[in-house]
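Peer 1: Protein chains in written order, with our numbering: chain A, 1173 to 1508; chain B, 1173 to 1508; chain C, 1173 to 1508.
Errors might be hidden in some of the hints.
What the hints assert, rightly or not - Where chain C lies over chain A, by a calculated footprint (3+ residues, C-beta under 8 Å):
id: 1; region: 1202-1210
id: 2; region: 1243-1253
id: 3; region: 1399-1413
id: 4; region: 1495-1506
Just so you know, the hints here were simulated from the structure itself, not pulled from any lab data. All values derive from a computational prediction rather than experimental measurement. Ideal Cβ placement from N, Cα and C applies to all residues, glycine included.
What follows is the residue order along each chain.
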Amino acid sequence: MDGRGFVRDAWYVGAESGEVQGAPLPRILLGDPVVFYRAADGRAVALEDRCCHKRAPLSLGRIEGDCLACGYHGFAFDPSGACVRAPGAPGIPERARVHSYPVIERHRYLWIWMGDPAKADPGAIPDFHTNDDPDWARTGACLPVAGNYLLMIENLLDLSHVGFVHAGTIGSDDTSASIVWESEQHRVVGVRASTDIDTPPHNRRQGFGPRCDQTKVMTFLACSHITIDITTRERLPAGSSQAARQMHIMLLNSITPETEGRCHYFWSSTRDFAVDDAAVTEFFHAMTVRAFDEDRVMIEAQQRIIDLDPSAPTVTVLGDLGGVQARRLVSARLER
Amino acid sequence: MDGRGFVRDAWYVGAESGEVQGAPLPRILLGDPVVFYRAADGRAVALEDRCCHKRAPLSLGRIEGDCLACGYHGFAFDPSGACVRAPGAPGIPERARVHSYPVIERHRYLWIWMGDPAKADPGAIPDFHTNDDPDWARTGACLPVAGNYLLMIENLLDLSHVGFVHAGTIGSDDTSASIVWESEQHRVVGVRASTDIDTPPHNRRQGFGPRCDQTKVMTFLACSHITIDITTRERLPAGSSQAARQMHIMLLNSITPETEGRCHYFWSSTRDFAVDDAAVTEFFHAMTVRAFDEDRVMIEAQQRIIDLDPSAPTVTVLGDLGGVQARRLVSARLER
Amino acid sequence: MDGRGFVRDAWYVGAESGEVQGAPLPRILLGDPVVFYRAADGRAVALEDRCCHKRAPLSLGRIEGDCLACGYHGFAFDPSGACVRAPGAPGIPERARVHSYPVIERHRYLWIWMGDPAKADPGAIPDFHTNDDPDWARTGACLPVAGNYLLMIENLLDLSHVGFVHAGTIGSDDTSASIVWESEQHRVVGVRASTDIDTPPHNRRQGFGPRCDQTKVMTFLACSHITIDITTRERLPAGSSQAARQMHIMLLNSITPETEGRCHYFWSSTRDFAVDDAAVTEFFHAMTVRAFDEDRVMIEAQQRIIDLDPSAPTVTVLGDLGGVQARRLVSARLER
């Protein structure tokens, strides 16, 4: 399945905008070598990271205006992948080109389409606007994980792991609350409403009282994105004449396959409160880094156990519903 | 052959008793992931180290009374492998269980049966009583070796390597002495009697004279144990009226396959003299650690050469008789 | 193809003379384990580095006069590979022997023949006399490279890479000069004549004027050697009565396959000027080490990209002519 077992007609996050600055950035995506760089006008370009001449990675080369030149013998390619210089050839050989991947820069990410370019509809890119909306604060990173990307998808769609994996960090999730899952053609949505629960510390610090209501909406967007939209509403004393305030946290997760056994986990934690408070941003950043590293340890251990015997049977329970539906969407797309 | 080429209906040493205390101990045995832990009453338990839910290793989880709970989503299993808690399920799913391996704690070891539990007869565990007999002193350890376990078995059954591999440590074995091998259904026994030889230094330090007689009995107990029983008798002056004293060293070796290319080498050096002398124990410990590390280097080099061309032919000589008979017992069992 | 995809009936450089002194030298060549050592009279011997008894590498053993004794159980082999001692056997078993490879020490190298010994004609060893000719100075080394040996062969036969890979070290090669390639049965020769070019600094330091003529003759000697013969002639003022001086640099490159994905790159830089000037030798050594390490980085990156998808197509241009012809010679030999 290596590199062939992935849905290619889909938008994946290939890089954070900030990762692609002066130098070409190499990255293996869906088993293929890709190089990101910026043309003279700053536009992001994604090419096959394999010179058509001698298969050297173009990422070891040099940006020349809009083009990327191989660092081995100087073949140069424009953003369309066309060869524009072929030293050692009388002209440009007809078949001399590399693949150019559609790439769109939006919401702090470089979105890449690894499949048929004709189907690459920019409108299909998920709405990650909170990543660069001035009314929201944002922090995030890219975490490399030595596990299949679907293990991370499942992890995020079953938050019952929070009380176990993250017992020492972000603490116990209220697993007793019922989740309602709905599956549509391109997404799976789970909603969990919790009433009259302890207010999380970060909301209390913004002036909320000790108890609150909370709604979590988890959305899997086939094939590699999961948003977690957390709305926390303060509970006012009975008969209060004030309007109840609410705060939002929007977690944006994109898990891009590297190979069958590895993935790039791009995460963003965004919020619409304490937007200018760097200490709060730092708090969310540090907490998330610690928590996601706990996930990484678990998923990498899981992958090693799977590799020992990929055919070992498993048991599926109701709590896996989100993950099961997500895998179903992915499988359906792979069959098409 | 990985994990499939092993005799499963046999007792293997899975761990030293002391290795399994507060925390679960993960170990790959015969290609399978196993976790050892102790129930509330201290009894040793060995479970499949792979949660039936999402295949996370249970060894990353938590001991809860008699049970082991997965650290991912909290599935819990009792010592029989039955699932006793399945968060996210309305009840316990019918097929929710992990394999529980028969395990017996005896003579400082946890003995595990990787095959059909119905055949696990505790009476078939080798007699390693010198490991915890108060009349004997003991030292030992577990040495990981990157080589097939049968390479270590062969090593121990052909002591002619001592003069070469251990020339700088435990010194030259008297290879001229004849060895008589006998093969029975479940074991291979080699006896070597040496008469009027130099007394080993550790016997001299206990008051023996300069010359002695010595008998070595090497016993391979199919499929992974080798005992080496060394009896040293002092030689009295002709016509002496004293009774000749004798001292015993019993070496207990258990080599448990990890995968086709790796093994766990459990060794114990026990003796019935200077039992309370910690310095003597330390002497035997240090000497054995150094010597067995020399064996490890050789066996790992041998394995790398074998991996380069597993079909390269070999020549067998009379000195290999013990190893040949041991391999024959193992092959016969594999065919059954 | 691992170990089987190589031309065996050919002379390869197995080691530098200086690498084989007191201790046996292990080296994997063409996928096979080889050990080099010297007999009592200093003559170099190359044996299969795999004892016929238990497949331990003989390189962990001990040289005994003309023989090499295994460090495991003491089997000893003479330079012909015949077993001369087999402890544990009543006599020498008939099939007890290891392969002995024809080896010739010449021009500071140990040349080894990995194929049919009957075809090993010492006259077919390339003329590398500048390596130990007193009229020439020499420096060199062996560089391990994690890439197929043919990638390094191609590298050396297309010097257009110099302006790109070595832009920061040995600088830009004059790629505009035409190269004429000729292919014979056992070799490929490329000649490049450059007229009235800037004199290289190392020639200027020997008193040459600012402009010179230069001829480079690149010769691929199937299947693993490339010599680069550089003649630099000073340009005298028009009408000068002096005889024009010339200086030579002869680069000797031998790339010996280790496995399909690795090679040993033996290089020598020799010259017929400033022969006794250690500072000039040091200059060439340091420059070459830096430059070839740049090649190594590129070739190892290329190999990793090839491994991702060995079937990815490539484009061949006129500048590849030398490499194409070299590969053709190798393929023709493999088919025979």
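Peer 1: Hints first: check each against the structure and report whether it holds.
Peer 2: Evaluated hints:
1. For the region 1202-1210 of chain A, the assignment as covered by chain C holds, since 3 residues bring a beta-carbon within under 8 Å of that chain's beta-carbons and 3 suffice.
2. Requiring three or more residues with a Cβ within less than 8 Å of a Cβ of chain C, the coverage given for the region 1243-1253 of chain A holds, as 4 such residues are present.
3. Only residues whose beta carbon comes within less than 8 Å of a beta carbon in chain C count, and the region 1399-1413 of chain A has 0; fewer than three means the coverage is violated.
4. Beta-carbon proximity to chain C at under 8 Å applies to 0 residues in the region 1495-1506 of chain A; the threshold of 3 is not reached and the given coverage is violated.
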